[in-house]
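K.L.:
Quick mapping for you: the protein sequence lines, in order, are chains P and D.
Heads up: the first sequence begins at 491 in this note's numbering, then just goes up one per residue.
Heads up: the second sequence begins at 414 in this note's numbering, then just goes up one per residue.
These aren't lab readings, by the way, just hints derived from the structure by calculation.
Ideal Cβ positions, reconstructed from N, Cα and C, are used throughout, including at glycine.
Careful, some of the hints might be misleading.
What the hints assert, rightly or not - Listed below are several chain D residues computed to face chain P (Cβ distance under 7 Å; list not exhaustive):
#, residue
1, Ala-443
2, Asp-447
3, Ala-451
4, Thr-462
5, Ala-501
6, Arg-528
7, Leu-534
8, Lys-537
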Amino acid sequence: MSLARTIGRESGKELLLGNEAIARGAIEAGVAVAAAYPGTPSTEIVEALARVAKDLGIYVEWSTNEKVAFEVAYAAATAGARSLTAMKHVGLNVAADPFFSSAYTGVEESFVIVSADDPGMWSSQNEQDNRIYGLHAYIPVIEAPRPKDLKDVTKAAFELSSELKHPVMLRSTTRLSHTRVVVELGPIRRPVTRGRYIKNPSKYVLVPAHARRMRKELVEKWGRIERRLEDFPFNAVEGEGKQLIVASGVSYSYVREALEYLGLWGRVKVLKLSTPVPLPRKLVLRAVEGVEKILVVEELEPVVEDQLKRVLFDEGVRVEVRGKDLVGYLYEMTLDRALSAVAKFLGVDYTSPEPLVTEVPSFVPSRPPQLCPGCPYRPLFYVLRRIANMIATRRGKELEPIFTGDIGCYTLGMNPPFYAQDTTICMGASIGFANGLSHVLGDRLVIAVIGDSTFFHAGIPPLVNAVYNGAPFLVVVLDNRITAMTGHQPHPGTGMRATGEEAPAIRIEDVARAVGVEFVEVVDPFDLKTMQRKIMEAVDYIAEHRKPAVVVVRRACALLAVARARAAGFEIPRYVVDLDKCTGCGICYTAFACPAISQLSLKDKRAIIDPELCTGCGVCAVICPFDAIRPEKEYDKEKWESFWR
Amino acid sequence: MARTVNIVVVGVGGQGLLTLSRILAEAAMARGLDALAAETHGLSQRGGTVIVHVRIGDEVHAPLIPLGGADYILSTELSETVRYLSYANRGTKVITNTKVILPALPGLVKPIEPREVLEWLRSKVGKGNLYTIEASDIAAGLGAPQSTNMVVLGAATPFLKDVLDLGYLEKRVARVGRGRIRELNLEAFRRGISYVCERYGVCL
Ligand SMILES: Cc1ncc(C[n+]2csc(CCOP(=O)(O)OP(=O)(O)O)c2C)c(N)n1
Ligand code: SF4
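For reference, chain P alone in the conformation it holds in the complex (with noise of 0.2 Å):
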């Protein structure tokens, strides 16, 4: 069933991913409105409300990025419909300007924020606790329990913003949003998607004056929040004992299981807490009731440790608290790190089962993510490092171009044998970088690498900059139509909204012209002689005008174009090895480095193309020095072609 009819329907049960659950549970509390823009472990809660926005009458939009998303469903949540906007954990660090307004202002119906964050980093740059986001600008943090609570949560995080009139954040990581679950479905409500604003600037404009107002109204208003949340439906007090473990969050699982496991479960007095901010003092206080030695089970950062600390030293109440230093503080909870934690906590032996093997034998490969077959950026990458290598032969190795690179499947191209990325730093950076590089370097070239989205998320102003300035430094825009590392959405760029419709493309060439940059050219990665022939050209212009230039590169992702053909019942095309032609230099699988290509075996160097994994993208024949590789059969280039505009 498609994902539209499975998460839009009335009732019954449905196998959905934890994102999808969200969207579910949003979709029950009548949700509205929903802006976001993507990123793993998020990206999936938008994606299914766009599926179900026209049958169900949501307005959903992939925005041009989080603070922008932030403001679109704040805004509407002010004008009285309930919305939500979702990032990723660093997303809420681009949003982070609104997000502290919003909690001074308020809003007039339900505001529910999520923040994905990704214990364990396994897609980020950063590992990153937002709950002390929530605590830093007064708003309040909901997160689930297990993957089954994710609907029912959400559902609740929208009551409750609806009630208090102000934002919630809705905390999951990466094991919620991304564990496929049982979900039973409820009923819907329907979304109410016609405001009505009531002018009151004098909570919404946030001027001196009103600032001060509201400050102190703010810390009023937390008094009330924190007294709410002691009974949140998801906080409970469970089991018996002189031993208590607060379990926040996701950790609440995995202490279940390990007591489970032990044969305690019910005999430890556990709180199952779903409320980490602010951490309700009352409920706190009922379950230390004659408890001797309390341990806090949470990832990351100590927030409801910390808060329970104080409200303990307030209160007077003199027991033991252990946690980080039984817990830890890096990376994401599992089982094995509960099961150690509570059986030190309680002082039990226990015996696991011993895995067969601790160590991974040293002939198992390193598996690196690598950039697709087919994918448009190899070639680039390609004809980037021969220019690179060029550049320092003929004018020394201190002046190889340095590559500032940004966030996204390119980022890929640091790897061998391009080395075509020297920094990564956040969203944007690529160009911000070679900004502050190109004024401190004299004539060492810096060529910024960013991909399409992340040129409309946040390129633009560290690009004008560049301009105002006067540096001098390439941009390479990798225009690959789509935000191809998050799975796919469509951009500014694409000339479709995250809803299907059609949308006016906007034109990166357009953009960079218009800003004032006076180089500027669009290429075709498949086509090497040329792309190489303008990259040099900018080069050059570079080095005599002192000033920046932009060379878009633009193909569409493979995966895109594997996934169009498919649709129209197109046949991929196949590439094969011609044995008595191939010479056995290995340059399509080294200095190329497509992964459906290797060597023959062992002793014989010659190539061959593994078909399971070729996406006909043939590149690879027109790199071949030796004419070694062609299509299997005969095909029809034209419409092959039409899939990859």
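Dock chain D with the ligands against chain P, hints included.
P.N.:
This is chain D with the ligands only, laid out in the frame that chain P set:
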């Protein structure tokens, strides 16, 4: 059933592991059981290593399977089976494709022989617990190299027949992909089932 069944599904990004494990969890749900499947998304899908934790039981709370806690390891790639063998204990059944996919990392990755990897596996996994299957060859033989995942799913099915709704499973597999691929997927799935029945005597 009382005890949770823990299935670690591993392979290489792009091999269709999310589809495989999702179908497993759905078929368990169709049987009236609780199921969780903790997936790997994002960066690790680009040809990286993929592990999915599938847990089936009366009530399952936590997403992740602990080390040494797998009842089954299902694998679509041989060296990935080795990488995640720390999830196995002495009783774990290991059902694995025999194909090795080498990452294209020139100079960094030494080619390995599947035969040697198999020998290593045999030395670690107890007799009667290792079930190898030439899933890639079977799929390629059908003209559907991309259906390797369905062959492996088929191979796992007789082992898991007590926790899966088999009728649902067939119907669900027949809905994977479009057009000709659908038929091939179903055929690949059936070949997986008959393979383990004929070679290992584990039958539906
Ligand atoms: C502030 C922030 N938001 C979101 C992300 C998640 N993210 C990483 S890469 C990426 C998309 C990049 O898309 P694009 O620039 O088009 O490159 P592609 O993946 O298509 O190569 C996103 C959204 C992030 N790392 N930081
Ligand atoms: S998803 Fe697309 S852009 Fe990303 S590596 Fe694969 S082909 Fe390249």
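K.L.:
Decide, hint by hint, whether the structure agrees.
P.N.:
Hints and how they fare:
1. Given hint, Ala-443 of chain D at the interface with chain P, is violated; its Cβ is 9 Å from that chain's nearest Cβ, farther than 7 Å.
2. A cut of 7 Å between beta carbons decides the hint on Asp-447 of chain D: the least distance to chain P is about 6 Å, and the hint holds.
3. Taken as an interface hint, Ala-451 of chain D checks out: its beta carbon lies about 4 Å from the nearest beta carbon of chain P, inside 7 Å.
4. With a least beta-carbon distance of about 5 Å to chain P, the hint placing Thr-462 of chain D at the interface is held under the 7 Å criterion.
5. Restraint check, Ala-501 of chain D versus chain P: the minimum CB separation of about 5 Å is within 7 Å; hint holds.
6. For Arg-528 of chain D, the interface hint is violated, since its Cβ never comes within 7 Å of a Cβ in chain P; the closest pair sits about 11 Å apart.
7. Hint status for Leu-534 of chain D: violated, given a least beta-carbon distance of 10 Å to chain P, over 7 Å.
8. For the restraint placing Lys-537 of chain D at the interface with chain P, the shortest Cβ-Cβ distance is roughly 6 Å, inside the 7 Å limit, so the hint holds.
Checked against the numbered hints above, the structure violates hints 1, 6, 7; every other hint is satisfied.
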